[in-house]
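**Q** Given the coordinates of chain A, work out where chain B should sit on it, guided by the hints.
There are 2 protein chains.
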Amino acid sequence: LDVEVEIISIGNELLIGKTLNSNANWLAKRISSLGLNINRITVVGDDVHRIAAVLKETITRNPKYIITTGGLGPTFDDKTFEGIAKAFDSTLNVDVKAMEMVRRKYYEYAKEMGREKFELTPARIKMAKIPEGSEPLPNPVGTAPAIKLCQRKLTVFALPGVPSEMKAIFEESLTPILKKAAGNLTFYESSLLVTGIMESEMAPFIDEVMHDNPYVYIKSHPMGVERKPQIELHLTTTATNRATVKNRISRALAQLTEIVQTKGGKIIHPNT
Amino acid sequence: LDVEVEIISIGNELLIGKTLNSNANWLAKRISSLGLNINRITVVGDDVHRIAAVLKETITRNPKYIITTGGLGPTFDDKTFEGIAKAFDSTLNVDVKAMEMVRRKYYEYAKEMGREKFELTPARIKMAKIPEGSEPLPNPVGTAPAIKLCQRKLTVFALPGVPSEMKAIFEESLTPILKKAAGNLTFYESSLLVTGIMESEMAPFIDEVMHDNPYVYIKSHPMGVERKPQIELHLTTTATNRATVKNRISRALAQLTEIVQTKGGKIIHPNT
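In order, the protein sequence lines correspond to chains A and B. If you use my numbering, the first sequence closes out at 334, no skipped numbers anywhere. If you use my numbering, the second sequence closes out at 334, no skipped numbers anywhere.
I should point out that these hints are in silico values taken from the structure, not numbers from a laboratory. Among the hints, erroneous ones may be present.
The list treats identical chains as one, so a pair stands whether inside a single copy or across any two.
In silico lysine-lysine, DSS-like type, Cα no more than 27 Å apart, as pairs [claimed, not checked]: (1) Lys210 <-> Lys191; (2) Lys241 <-> Lys80; (3) Lys148 <-> Lys118; (4) Lys173 <-> Lys328; (5) Lys179 <-> Lys290; (6) Lys148 <-> Lys210; (7) Lys80 <-> Lys91; (8) Lys242 <-> Lys159; (9) Lys80 <-> Lys290; (10) Lys229 <-> Lys325; (11) Lys80 <-> Lys126; (12) Lys229 <-> Lys191; (13) Lys118 <-> Lys210; (14) Lys80 <-> Lys229; (15) Lys80 <-> Lys242; (16) Lys173 <-> Lys325; (17) Lys126 <-> Lys191; (18) Lys290 <-> Lys159; (19) Lys328 <-> Lys290; (20) Lys229 <-> Lys91.
Pulled out of the complex, with its shape left as it was, chain A reads as follows:
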């Protein structure tokens, strides 16, 4: 039933902690809300061999979609296309459509900057050198085109790392495709903030409620410390229609609420 997605975040800045991986978080939220299931997120540095290795490993897990972010720009350390080509044993070629996308951008930039001409330098042409068989996706807010590469049942999307560009391309080019892939799948979540009961006391009751509501996943997040306990119970479910997911969550919430009250706890901020 599940449509599986994997995210690969590319960039040394993520591995040295210079940059917080907010791209993966944004994608995870958007993709889950579309009803698809994220299986794994992998962060790897700007290295062709490592990018290719991560891609190959990911492919063996048979996700329907792989989405990469980062590494599409004009500098030497932008190595995502090279990594993809290596993983798929293909080559990089200047793509006519991609080249036209890049050319048009620099034409516009030159005009806006009052420059008479612009050059298509190797660094700029590099952004249009895409893996054989892939299709460029327009970048509405930046320069580097993204790509879409289909191979048998797998589709790989490579998006830029600049958040505004990544988001714009996702909404324009990926959302329609992923929505269609999800079909009627709907993801629904809700949570309950519980106080006055320790997480370790709630544990067996969470088990009980999950047992009684087999399609609802409940995760407890301790928000305070054990002695001033405050626990967020976060409920999620996915199903093929909106009524079902809402019903499932309501039933589980009602059961949890009753247990919490019976055990002398309080619900601070229920949001159904």
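**A** Using the frame of chain A, we list chain B on its own:
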């Protein structure tokens, strides 16, 4: 030379985008600053098989340290120890030291809450059931002990997912070990904010400077848009003493500064 580390972040909340992976970011920053090298960060859900699979794959890459976060609590979805035991083909046993750590915490909580007694329920005992051969590490701010598991040249640390607990255990138990492992290795970084030059124009000069400074890694981060260009050039290096790393970075910074000025660009905010 490099001492390699891999981070494994465990938790469904990360895969649905409910939680931003600030733990991995914090760890990456701390570990890099200690002079060690992070090779990969993997995010996986609360599933024993998947946790074990990620661990096994990570082990094949031969890092010196694997640090996991998340999944040590009292609830059913805390599956990290089980995943580690599965990956190492070992078993979970109630550890005497770990049990004493847990018992003492609940004794204190009960006292503070004015309760006369407390029970060591299965959910609480679960936190002291650790993989055979591992050693519990005290949790100065929470309940669940972390663990350290050595096997041949590899050391695995499993830390809790609650940020305050993760950080406290890292500083108390991991920092001394990692510092020693890094030896004299020092990581140094600096950056330069450049305006008036497009990233695609800077690209060949970054190549040039990196060629002339083979131990300095330079990464350009576009901060504005190509037509209102603002680029952060981020320089990093690692060496066995502080004078060397500082020298290397200063030389590369000086060369970059000269190029930027020659090409009509401006440096907005140099921080050396």
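**Q** Hint by hint, say whether it matches the structure.
**A** Hints and how they fare:
1. When the C-alpha separation of Lys210 and Lys191 is checked against a cutoff of 27 Å, the pair qualifies only within one copy, where the shortest distance is 13 Å, while the shortest distance between copies is 46 Å.
2. Proximity of Lys241 to Lys80 under the C-alpha cut-off of 27 Å is restricted to the inter-copy arrangement: shortest distance 20 Å between copies versus 33 Å within a copy.
3. Both within a single protomer and between protomers do Lys148 and Lys118 lie at most 27 Å apart by alpha-carbon distance, with minima of 9 Å and 24 Å respectively.
4. Only between protomers do Lys173 and Lys328 lie at most 27 Å apart by alpha-carbon distance; the minimum there is 21 Å, versus 63 Å within a single protomer.
5. For the homomeric pair Lys179 and Lys290, the shortest alpha-carbon distance between copies (17 Å) is at most 27 Å, but the shortest distance inside one copy (66 Å) is not.
6. Taking CA atoms no more than 27 Å apart as the test, Lys148 paired with Lys210 passes inside one copy only; the shortest distance there is 16 Å, against 37 Å between copies.
7. With identical chains, the CA atoms of Lys80 and Lys91 are at most 27 Å apart both within one copy (22 Å) and between copies (7 Å).
8. Proximity of Lys242 to Lys159 under the C-alpha cut-off of 27 Å is restricted to the intra-copy arrangement: shortest distance 25 Å within a copy versus 53 Å between copies.
9. Only between protomers do Lys80 and Lys290 lie at most 27 Å apart by alpha-carbon distance; the minimum there is 23 Å, versus 34 Å within a single protomer.
10. For the identical chains of this complex, Lys229 and Lys325 are neighbours neither inside a copy (45 Å) nor across copies (32 Å), given an alpha-carbon limit of 27 Å.
11. Within a single copy, Lys80 and Lys126 get their C-alpha atoms only as close as 31 Å, which misses the 27 Å cut-off; across copies the closest is 22 Å, which meets it.
12. For the homomeric pair Lys229 and Lys191, the shortest alpha-carbon distance inside one copy (22 Å) is at most 27 Å, but the shortest distance between copies (43 Å) is not.
13. In this homomeric assembly, Lys118 and Lys210 come within 27 Å of each other (Cα to Cα) only inside a single copy, at 17 Å, whereas the closest approach across copies is 31 Å.
14. With identical chains, the CA atoms of Lys80 and Lys229 are at most 27 Å apart both within one copy (21 Å) and between copies (18 Å).
15. For the homomeric pair Lys80 and Lys242, the shortest alpha-carbon distance between copies (23 Å) is at most 27 Å, but the shortest distance inside one copy (36 Å) is not.
16. Taking the closest pair of Cα atoms, Lys173 and Lys325 come within 27 Å of each other only across two copies (19 Å); inside a single copy the shortest separation is 70 Å, beyond that limit.
17. Only within a single protomer do Lys126 and Lys191 lie at most 27 Å apart by alpha-carbon distance; the minimum there is 25 Å, versus 37 Å between protomers.
18. With identical chains, the CA atoms of Lys290 and Lys159 are at most 27 Å apart between copies only, with a shortest distance of 25 Å across copies and 60 Å within one.
19. In the homo-oligomer, the alpha carbons of Lys328 and Lys290 lie at most 27 Å apart inside one protomer (13 Å), although the nearest pairing across protomers, at 53 Å, exceeds that limit.
20. In this assembly of identical chains, Lys229 and Lys91 lie within 27 Å of each other by CA distance both inside one copy and across copies; the values are 12 Å within and 26 Å between.
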